[in-house]
Amino acid sequence: MKHRTRAENMVPTGGGDGTGGSAGEGTGPMSGVGNLVGTAPATGAESRARPWYTAAARRFARNPTGLLALGCLLAFIASAVLAPLLAPHDPLDISGERLQPPSREHLLGTDELGRDILSRILYGGRVSLQVGIIAVVIALSVGGVLGLVAAYWEGRLDGVIMRVMDMMLAFPGILLALVIIAVLGPSLFNVMIAIGIASIPAYTRLVRGSTLSAKQNEYVEAARALGAGAWRIIFRHLVPNVAAPVIVLSTLGVAGAILATAGLSFIGLGAPPPTPEWGAMLATARNYIRRAWWLATFPGLAITITVLVINILGDALRDALDPRLKS
Amino acid sequence: MSQYIAGRLLAAIPVLLGISVFVFFMAHLAPGDPVTIMLGLQADAEQMERLREELGLNDPLPVQYFRFLSGAVRGDLGRSLKSNRLVTQEITDRFPRTIQLAAAGMGLAITIGVIAGVVAAAFHRRLTDTATMILAILGVSVPSFWLGLMLIYLFSVRLRWLPVAGADTWRHLVLPAFSLGVLAAAILARMTRSGVLEVLRQDYVRTARAKGLSERVVLYRHALKNALIPVVTIVGLQFGGLLGGTVIIETLFAWPGLGTLAITSILARDFPMVQGIVLYLALGYVLVNLAVDLTYGYLDPRIRYRR
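If you read the protein sequences in the order shown, they are chains B and E. Numbered per the working numbering, the first sequence finishes at 808, counting up by one with no gaps. Numbered per the working numbering, the second sequence finishes at 313, counting up by one with no gaps.
Derived from the structure by calculation, the hints contain no laboratory data. Please note that a few of the clues may not be correct.
Claimed, not checked - Heads up, incomplete: computed chain E residues facing chain B, CB under 10 Å, no partners named:
1) F28
2) V29
3) M32
4) L133
5) L144
6) G251
7) F277
8) L287
All residues carry an ideal CB built from backbone N, CA and C; glycine is no exception.
Take the sequences, apply the hints, and build the full model.
Written out as structure tokens, the structure reads:
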């Protein structure tokens, strides 16, 4: 299918039109991820040159938007980790009257049972970030290894792997995750696995494309001539070449996974009721939309801002890792 | 061209077969015995065995798969474990609703996305461009169902302009279609903008400018057509996300389409139904991408004659 051919033709073109939209959960601003392939690490020619990431880090440090996004994300992570210290109330305890609007005691109001919304949002951040990161780790480790293997050995193995990926890609967006949840049963843990598995093809294609072009480098040939084994070549010489685009895709992938988790919880296939999860909070908020706007407003803002910050960070990373995209 | 069409059609067949295998084994991998789901836990062993034999569940898996496949090809996907209605019947009742929603969402997305992208590119690095791109990144970050919820609050609860939920008139379609389309609109805006900017750097655009053509003519007559070719592909890919998104948006707006049916079926472990829905949605996605490929070949002859 067309997906595969495009992965093979992943030659940097400089435009922003990449294959991004198709990746993973159809998350978003992945424009140009494909264009990074094989461009960033220029270590091939001069073997003792500075590693590619110092230059990238310097470029990143010059981008105020990116730095701001990174700062915000670190703050969000800190607030999630420190939720037990920061939260004014226990997220599961009934700490006030039901459906109270924001007040001094409950800064973001209380929910339909009288639980403090601010505390639930803080604890919800733990769930979202955790699920987002673990889903991406699953997708990246499985998809990455498959992509490396497919590209390194090519041939029939490559064909089989990519056919399976094509099949997975034939399922639109969140539908594949939905199918997996249908099999495993609804729970937050299964959502994590489902989103992880559903995102595998995006990583496989990206890693395979980058590896295929990295393999052309002469130092790979040299390493092989010196007797280096397959896995040594893969991990020492090919993986660093693939890192740049994968970092970008993974960052954006966390944003996508957070959105997908919230969506699946919203339709009742994710976190079960008492869990403070942003999507699940919005599901109950829907029933009280006429009476209590704060129930629906704040958890949604939390999702949007978190995802926005990660997306901005992803864009900034792409600019830093592939300067050629900056016109 | 006809050779190209035939090639594309043939290429879709293995994908469809793959999907059918996947969908079939999904139902068989799942924990939970369909016979128990149908008869309840207190059914006696003999009764269960009889039903099992009747449903062909005792045959080897490949035999069961081919029975499933030949049924599917003839439009027979079995019966719902829950309602005992024909799966195809229930799906064809609801599929038009989902298509209606997805088409309206995509229509909005294309209109908004392409216009915003062209405008942003035309005002490259000016306020309009920046503002559009900020909106676009917001658009890919906001969860569609929360946006929908906020729109319900504003337009249905506060202003009382539009209904909260349901699917009777076009007024019911506005909010769900918009909430559904925002993500694709934002992505299309970014793609269109970069596509137009890319084309504006081409030699023939420089030539057109050098001839003294106005910037307007250059943009609309020379740049736009070529810039939109990659956008067509993105539309196809986004359509998949949109179909998946209907599952969530339909729940929010109580839209009687396949999405709401999918969720109730998953929760009830009604696997023939889930199988059928997944098959239909995946088929819809494959067909849309086929249509996109064909459009693409039509727009850009280079693609047709390659290979």
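Going down the list of hints, with the structure as the test:
no.	hint	verdict
1	F28	6 Å, holds
2	V29	8 Å, holds
3	M32	5 Å, holds
4	L133	16 Å, violated
5	L144	7 Å, holds
6	G251	7 Å, holds
7	F277	8 Å, holds
8	L287	6 Å, holds
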